[in-house]
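Undergrad: Using the hints, position chain B against chain A.
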Amino acid sequence: MNEVSLGYIFIDSLLINNFVLSVFLGICPFIGVSGKITTAWRMGVAVIFVITVSSVLAFGTNVLLMHFHAEYLRIISFIVIIASTVQLVEMFIKKTSPALFRALGIYLPLITTNCAVLGVALFQTAREYSLVQSVVFAVASSAGFALALFLMAVIRERLELSDIPDMVKGTALVLMLAGTLSLAFMGFAGIGGGS
Amino acid sequence: MSHDHGAMTKSPSDSMEAFFGGLWKQNPVFVQVLGLCPTMAITNSVRNALAMGIATLFVLVCSNALIAMVRKIIPKQVRIATFILIIATFVTIVDYMIKAVSIPVYKALGPFIALIVVNCIILGRAEAFASKNGVFKSILDGLGMGIGFFIALLCLGGVREVLGAGTFLGFPLFGSHYQPWVLFLLPSGGFFTLGSWLLIFRWWKERGKGKLAPGADEADKAVEVHA
Chain A
1 MNEVSLGYIF IDSLLINNFV LSVFLGICPF IGVSGKITTA WRMGVAVIFV ITVSSVLAFG
61 TNVLLMHFHA EYLRIISFIV IIASTVQLVE MFIKKTSPAL FRALGIYLPL ITTNCAVLGV
121 ALFQTAREYS LVQSVVFAVA SSAGFALALF LMAVIRERLE LSDIPDMVKG TALVLMLAGT
181 LSLAFMGFAG IGGGS
Chain B
1 MSHDHGAMTK SPSDSMEAFF GGLWKQNPVF VQVLGLCPTM AITNSVRNAL AMGIATLFVL
61 VCSNALIAMV RKIIPKQVRI ATFILIIATF VTIVDYMIKA VSIPVYKALG PFIALIVVNC
121 IILGRAEAFA SKNGVFKSIL DGLGMGIGFF IALLCLGGVR EVLGAGTFLG FPLFGSHYQP
181 WVLFLLPSGG FFTLGSWLLI FRWWKERGKG KLAPGADEAD KAVEVHA
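Top to bottom, those sequences are chains A and B.
When the count follows the working numbering, it moves up by one through the first sequence with no breaks and lands on 195 for the last residue.
When the count follows the working numbering, it moves up by one through the second sequence with no breaks and lands on 227 for the last residue.
Chain A extracted, bound-state conformation:
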């Protein structure tokens, strides 16, 4: 059992160890869908939803695997859980809110390949978080992902209007911006009081 306080977990995974900017998880969607603010926003919400649900399921599965001493099945069962969670969330949203379903569109199935989802499941297992700690960790780190995605989308919408050399346009520019954002987020190190 890990004795870290909930508030520290929240601040730490939202800002200090932001999933995109300092742990390098979920870079592909971060570069792919940060072109527009509206799509970035929707993707962020969908990811928060999926990560939270799959984190709870992964916690339950891990307890079950530990009980049967079958830890070697961890990676396989986590990836199956994530794929089925995405499918489940897709069906759930389709039934309850067709408007949201249409808005999310292609972004829902894409989440299966977002390594942040598997990352949350693996980290919470490695750090031996309790169920409540796991949920806080999942919500905070996925909100951190959404925050980074949103910030990048805002910057990129502004850049559309500015005069950039052709050579730099594209992925290279996004990476340079992400590096600068990451430097800025380093300023958060130290808040939360440590563990």
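Don't read these hints as lab results, they were simulated from the structure.
Heads up, the beta-carbon is just placed ideally off N, CA and C, and yes, glycines get one too.
Any given hint might turn out to be false.
[Unchecked claim] With a straight-line cut-off of 20 Å between C-alpha atoms, the simulated EDC-like cross-links for lysine to aspartate or glutamate are: (1) B/72 / B/127; (2) B/99 / A/71; (3) B/76 / B/127; (4) B/25 / B/206; (5) A/36 / A/163; (6) A/36 / A/157; (7) B/132 / B/17; (8) B/25 / B/14; (9) B/107 / A/71; (10) B/132 / B/14; (11) A/169 / A/157; (12) B/107 / A/128; (13) B/205 / A/166; (14) A/169 / B/206; (15) A/36 / A/160.
[Stated by the list, open to error] Computed list of chain A residues with no C-beta within reach of chain B, every gap over 10 Å: (16) 6; (17) 8; (18) 23; (19) 24; (20) 45; (21) 65; (22) 68; (23) 74; (24) 93; (25) 97; (26) 103; (27) 147; (28) 151; (29) 162; (30) 168; (31) 191.
TA: Below, chain B alone, put in the same frame as chain A:
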């Protein structure tokens, strides 16, 4: 399989293409911009980059070979799920192998070994190549892509360790007066280094043309959609 073998001997250049394409023309990191998470996360030292490169190469070759073998008996609707299960099996093997060989490397790579499962290069090759081609060609393709990824990791790990710590594989390079450029070991250094490499490759491809082709923007958009 005999049919595949026939096709293979008919056009050896095809197999060569499958191998060398991954090294340079279709390099997974610098050209296709795939698998960026491990590329930046574990390249703060050359040793980690080597371990990650070998692990990914192993998973890529094995999963490509197995998928090419069973590709005709997998129903179309569940193929992606089957691919992921096959990949996850090999990743589990690698995970335990690294733990047995070297505990320090295992600790340094941490959850990023398990995260090879969601490395888009591997699923991408399974879907785009191994599910359509014979075993021999798929192994060559896996080798080419894996070595291409390996080279990319070394490019990043080399720059970051030499500048950020003044060492290469742990050997000091510049003597005791060198002030390490710690920024390159930090996460932001990963973004900056990869961004610079992409710029260099862009310049290499466009050099001599005088001016960027008018279609360059479209190419970028294609990359973004792909990512």
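Undergrad: Each hint: holds or not?
TA: Against the structure, the hints come out as follows:
| no. | hint | verdict |
| --- | --- | --- |
| 1 | B/72 / B/127 | holds (13 Å) |
| 2 | B/99 / A/71 | holds (14 Å) |
| 3 | B/76 / B/127 | holds (11 Å) |
| 4 | B/25 / B/206 | holds (14 Å) |
| 5 | A/36 / A/163 | holds (18 Å) |
| 6 | A/36 / A/157 | holds (6 Å) |
| 7 | B/132 / B/17 | holds (15 Å) |
| 8 | B/25 / B/14 | holds (14 Å) |
| 9 | B/107 / A/71 | holds (18 Å) |
| 10 | B/132 / B/14 | holds (14 Å) |
| 11 | A/169 / A/157 | holds (13 Å) |
| 12 | B/107 / A/128 | holds (16 Å) |
| 13 | B/205 / A/166 | holds (14 Å) |
| 14 | A/169 / B/206 | holds (13 Å) |
| 15 | A/36 / A/160 | holds (10 Å) |
| 16 | 6 | holds (22 Å) |
| 17 | 8 | holds (20 Å) |
| 18 | 23 | violated (7 Å) |
| 19 | 24 | violated (4 Å) |
| 20 | 45 | holds (20 Å) |
| 21 | 65 | holds (13 Å) |
| 22 | 68 | holds (16 Å) |
| 23 | 74 | violated (8 Å) |
| 24 | 93 | holds (21 Å) |
| 25 | 97 | holds (26 Å) |
| 26 | 103 | holds (19 Å) |
| 27 | 147 | holds (16 Å) |
| 28 | 151 | holds (14 Å) |
| 29 | 162 | holds (15 Å) |
| 30 | 168 | violated (7 Å) |
| 31 | 191 | holds (17 Å) |
Hint violations for this structure: numbers 18, 19, 23 and 30, all remaining hints satisfied.
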